[in-house]
Amino acid sequence: MTMTEDVKVKFKLNGRRVEASVKPNRLLVDMIREDFGLTGTKIGCGMGECGACTVLLDGKPAASCLILAVQANGKTIETIEGASPNGRMNSLQEAMVKEGAVQCGFCTPGIIMSATALLRENPHPTEEEIRTAISGNLCRCTGYQKIVKAIKKASKKSE
Amino acid sequence: MPELHIAGKPLPRPDAPGKTMGYTQYLDDWNLPGMLHARIYYSPKPHALIRRIDLRKALSHPGIHSILTARDIPGKNFIPMMKDDWTFLAEKKAIYPGEPVALIIGNNRESVCRARALIQVEYEDLKPVFDPEESLQTGAPQVNPLGNLIAYHKIRKGNIEKGVSEADVVIEGIYETPYQEHAYLETLGYIAVFHDKEIMRVYGTMQCPFYVQNAVASILGMPQNSIQVIQTPTGGAFGGKEDMPSLFGGLAALAAYKTGKPVKLVLDRRDDILLSSKRHPSRSYYRIGAKKNGALTFCEVKVYLDAGAYATLTPAVLWRCAVHGCGCYRIPHVKVDAYAGATNKIPCGAFRGFGSPQVVFAMERQMDKLAQALGIDPLHLREINCLRKGDETVTGQKLPFSVGLSETISKARSMSKWSKKWRQYPLIKGEKRRGLGCATFLYGVGLGAAGKKLDHAEAHIRIKSDGSVVFSVGTTDMGQGMETVLTQIAAEGLGGIPMEKIRMLPVDTFSVEDSGPTVASRATYTSGTAILSSCEKIITTMKKTASKLLSCKPEEILLEKGCFFRIKSPKAKQIGKNADNKKNAPFLTFEEMASECFSRHIPLSEYGYFDSPPTSWEPETGQGKAYVTYSFATQIAELELDMETGEIELQDIWAVHDIGKAINPQNTEGQIEGGVVQGIGYALMEFISFNEKGMIQNPSFSTYIIPTSKDVPRIHTAIVEVEYPEGPYGAKGFGETPLMGVAGCIANAVVNASGIDISRIPILPEYILQESRKL
Ligand code: FES
Ligand code: FES
Numbered sequence: 001m002t003m004t005e006d007v008k009v010k011f012k013l014n015g016r017r018v019e020a021s022v023k024p025n026r027l028l029v030d031m032i033r034e035d036f037g038l039t040g041t042k043i044g045c046g047m048g049e050c051g052a053c054t055v056l057l058d059g060k061p062a063a064s065c066l067i068l069a070v071q072a073n074g075k076t077i078e079t080i081e082g083a084s085p086n087g088r089m090n091s092l093q094e095a096m097v098k099e100g101a102v103q104c105g106f107c108t109p110g111i112i113m114s115a116t117a118l119l120r121e122n123p124h125p126t127e128e129e130i131r132t133a134i135s136g137n138l139c140r141c142t143g144y145q146k147i148v149k150a151i152k153k154a155s156k157k158s159e
Numbered sequence: 001m002p003e004l005h006i007a008g009k010p011l012p013r014p015d016a017p018g019k020t021m022g023y024t025q026y027l028d029d030w031n032l033p034g035m036l037h038a039r040i041y042y043s044p045k046p047h048a049l050i051r052r053i054d055l056r057k058a059l060s061h062p063g064i065h066s067i068l069t070a071r072d073i074p075g076k077n078f079i080p081m082m083k084d085d086w087t088f089l090a091e092k093k094a095i096y097p098g099e100p101v102a103l104i105i106g107n108n109r110e111s112v113c114r115a116r117a118l119i120q121v122e123y124e125d126l127k128p129v130f131d132p133e134e135s136l137q138t139g140a141p142q143v144n145p146l147g148n149l150i151a152y153h154k155i156r157k158g159n160i161e162k163g164v165s166e167a168d169v170v171i172e173g174i175y176e177t178p179y180q181e182h183a184y185l186e187t188l189g190y191i192a193v194f195h196d197k198e199i200m201r202v203y204g205t206m207q208c209p210f211y212v213q214n215a216v217a218s219i220l221g222m223p224q225n226s227i228q229v230i231q232t233p234t235g236g237a238f239g240g241k242e243d244m245p246s247l248f249g250g251l252a253a254l255a256a257y258k259t260g261k262p263v264k265l266v267l268d269r270r271d272d273i274l275l276s277s278k279r280h281p282s283r284s285y286y287r288i289g290a291k292k293n294g295a296l297t298f299c300e301v302k303v304y305l306d307a308g309a310y311a312t313l314t315p316a317v318l319w320r321c322a323v324h325g326c327g328c329y330r331i332p333h334v335k336v337d338a339y340a341g342a343t344n345k346i347p348c349g350a351f352r353g354f355g356s357p358q359v360v361f362a363m364e365r366q367m368d369k370l371a372q373a374l375g376i377d378p379l380h381l382r383e384i385n386c387l388r389k390g391d392e393t394v395t396g397q398k399l400p401f402s403v404g405l406s407e408t409i410s411k412a413r414s415m416s417k418w419s420k421k422w423r424q425y426p427l428i429k430g431e432k433r434r435g436l437g438c439a440t441f442l443y444g445v446g447l448g449a450a451g452k453k454l455d456h457a458e459a460h461i462r463i464k465s466d467g468s469v470v471f472s473v474g475t476t477d478m479g480q481g482m483e484t485v486l487t488q489i490a491a492e493g494l495g496g497i498p499m500e501k502i503r504m505l506p507v508d509t510f511s512v513e514d515s516g517p518t519v520a521s522r523a524t525y526t527s528g529t530a531i532l533s534s535c536e537k538i539i540t541t542m543k544k545t546a547s548k549l550l551s552c553k554p555e556e557i558l559l560e561k562g563c564f565f566r567i568k569s570p571k572a573k574q575i576g577k578n579a580d581n582k583k584n585a586p587f588l589t590f591e592e593m594a595s596e597c598f599s600r601h602i603p604l605s606e607y608g609y610f611d612s613p614p615t616s617w618e619p620e621t622g623q624g625k626a627y628v629t630y631s632f633a634t635q636i637a638e639l640e641l642d643m644e645t646g647e648i649e650l651q652d653i654w655a656v657h658d659i660g661k662a663i664n665p666q667n668t669e670g671q672i673e674g675g676v677v678q679g680i681g682y683a684l685m686e687f688i689s690f691n692e693k694g695m696i697q698n699p700s701f702s703t704y705i706i707p708t709s710k711d712v713p714r715i716h717t718a719i720v721e722v723e724y725p726e727g728p729y730g731a732k733g734f735g736e737t738p739l740m741g742v743a744g745c746i747a748n749a750v751v752n753a754s755g756i757d758i759s760r761i762p763i764l765p766e767y768i769l770q771e772s773r774k775l
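Top line first, the protein sequences correspond to chains L and W.
Position 145, counted from 1, in the first sequence is what the working numbering calls 145; the numbers after and before it change by one each time, with no gaps.
Position 400, counted from 1, in the second sequence is what the working numbering calls 400; the numbers after and before it change by one each time, with no gaps.
One chain only, chain L, in its complex shape (with noise of 0.2 angstroms):
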């Protein structure tokens, strides 16, 4: 095989079983913004270093800016268009919104994974926890306070 011939990965992309050609060194950021025209997964950096293109690949916060597409063959990957699947909030976007957690927006989506993954995981996180589980994703907007309030709000909500 060589490097242009196109390869096929199988995934899960938001619960469904889909299918794609990419080229080996096609990235998974890029197969989901172009391919599949998820364009909620953002890029700030390309280079792993700001968490805007935070997916969960298998439950697990990742940057698909710095993994092959081809990795995702057999996988499951959420994006953020799989929160809210039906046009409507769930309880952490709903506690984003209502906390003015959101200024530009660019870093949002990524920092909705990354939350997501944590409050799956643990659904009653200290603070410290919160902010250790977003340190990943750089937000230059709002100082990081209300992400945090949002993240801790929606925690409670699910008690």
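Read the hints as simulated data drawn from the structure, not as lab findings.
Keep in mind it's a predicted model, so treat the numbers as computed, not measured.
Don't take each hint at face value.
Stated by the list, open to error - When the alpha-carbon atoms are kept at most 30 angstroms apart in a straight line, the in silico DSBU-like pairs for lysine-lysine are as follows:
hint, chain 1, residue 1, chain 2, residue 2
1, W, Lys501, L, Lys153
2, W, Lys464, L, Lys156
3, W, Lys411, L, Lys149
4, W, Lys9, L, Lys153
5, L, Lys152, W, Lys57
6, L, Lys149, W, Lys693
7, W, Lys127, L, Lys98
8, W, Lys57, L, Lys98
9, L, Lys98, W, Lys411
10, L, Lys157, W, Lys9
11, W, Lys417, L, Lys153
12, W, Lys548, W, Lys537
13, L, Lys23, W, Lys261
14, L, Lys152, W, Lys261
15, W, Lys76, L, Lys23
16, W, Lys261, L, Lys98
Since the structure of chain L is already known, use the hints to place chain W with the ligands on it.
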């Protein structure tokens, strides 16, 4: 003031749901059929003649459509900004590393990326200069085509010798502040489409669509009515999307014009940091004096900003720097000289605070040193000198109203329990220290006397026949929440209709006239005032029509919560759909009125204007009404300092801001928290490093470090509302202020903790260790 129902409430942002669900489409989230991609080839040289550009290899790379250089520009190779020095593409000379020389256009991002490496340019090196003070000496290499002195401003008030002779204590200091990168999360990006070869449409992430319009007019030589610039949802800006979109939006337009195809020009993070403007680094020389009782007698400042190679916005930045150089105090004798020198480095432009954080840091260190010399509590020293209602600023401007500075001081004092801690902390000795520091400051709202010409704004409101509303303004939301605040103002101005009924249209140069840039914390009060004026006109028409329908005089109509009442009988029952009831109808809803006006051919579509109250500036003395009004603030930092490692752990920041009136208190808090955290980055971690050729060495988030969720202390915000009578519902602008005092109060807290004399930022552990050895 009437009772407010919507303005002044912490209502959620209308743009937030789309952003949280990932629906909101930023520039790079959409593509057009047949669209090409562009990338910049830039000079790696600090200062060189361009001898030859060889594009052959690059052009033969698969997927390359064309490569454009300065010669392909049909209009003028000048970016309209403050001076006529800045080119889109370097032609004969390249004067900083990162200066665009060619534009590569191809089918996809990979090809243009690879072809860039194949462009061969022959340069002839010239001697560079990297320090602004050096660049202003005679014999220095000429960097900028119009001369190395990019700008000079001065202030002369009273008689400086007299001030010196009256002083019991004189404090001197030299201060340095670094570059700061905006690090907005969404990089610069533009799409240009030459629609039917008649209208050039440019979409993109930006603060000032009208700047981009003018840039496109220049590069293509087209009239403004053939250029439509539309702002897309903008992922942060902080000043970084004021000047740069003119360059890159202009180049995208050039590419679309030349190829006849839609062209997308999106910078990746590396290019964005390498090629975009930054906060000006500064070096300042201070001398201030006071009497024994603490009253300031004089302030003398000489400050140098490093402008980089081109002027872009430097003259305006330097002016604000000069006006803010002596802080927020009553000082009888003042002398300020502010210089901006050109160097062979990236041009510096606008960044939240616009030339003032540099000098606020310096002045606030001076005030603390003075307090120490006088044996006065530093916060009290500020109280002694702070501007109050009726006082005069250093430019001789009387402040007749809205001066809440002393209120911010007392509030911050009690919130932080200042008095007890500030005295105790220096007594703690040993490895782990604790410190408390303060800073007080002002911010001139709007463009001020230096930007008078641009200081106006237009708004347009249209009521649709079903009673829903659209409005357009010429200022932009880049994440700060202007859309929310203006929607609240419109909802209130239209008689208290729900915000959900109102939609702000994308900012589009075809829908309203140039409203000046969205900078200088001016959007709320300029566009807000314009909106209120259109609301008034619409309401007058609606009331008149309502009075006819309710058979009374227009003065007898009361508009409340979206209903037009006949005052005499406000409680009677609402009219039904049945037209026969109308004669007896005591009130009509907003929707009914909209539909009545529509069917009666009464237009509900109005423009509103904001015209800045007059400002003035006498260039020889620096005296005049510099700004329409000022915002004020006090910030206090508490921290822990490890003397062994030099590491600082911030504990708390108190930020108390007088902003006239908070139209949306939650939004205001968000602005304060975000600004404070940018200030923390500025104070403690952010810097750009250059190699000996003036090339930026840290163009990534792993090398240019900004605060993460773990670097942030508790932030306590408080809002003081001393209303500004000329602003909408008493509001004055303030979005930039939260960043401005942070470096000063953190530095002062480090001094309180350790006794180390901090004179530059960022305060890295190495700096603390190096200085602590001198103790
Ligand atoms: S875009 Fe993937 S981490 Fe920044
Ligand atoms: S909201 Fe703008 S980067 Fe987080």
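Q.
Tell me the hint numbers this structure goes against, listed in increasing order.
A. Hints 2, 5, 6, 7, 8, 14, 15, 16 not satisfied by this model.
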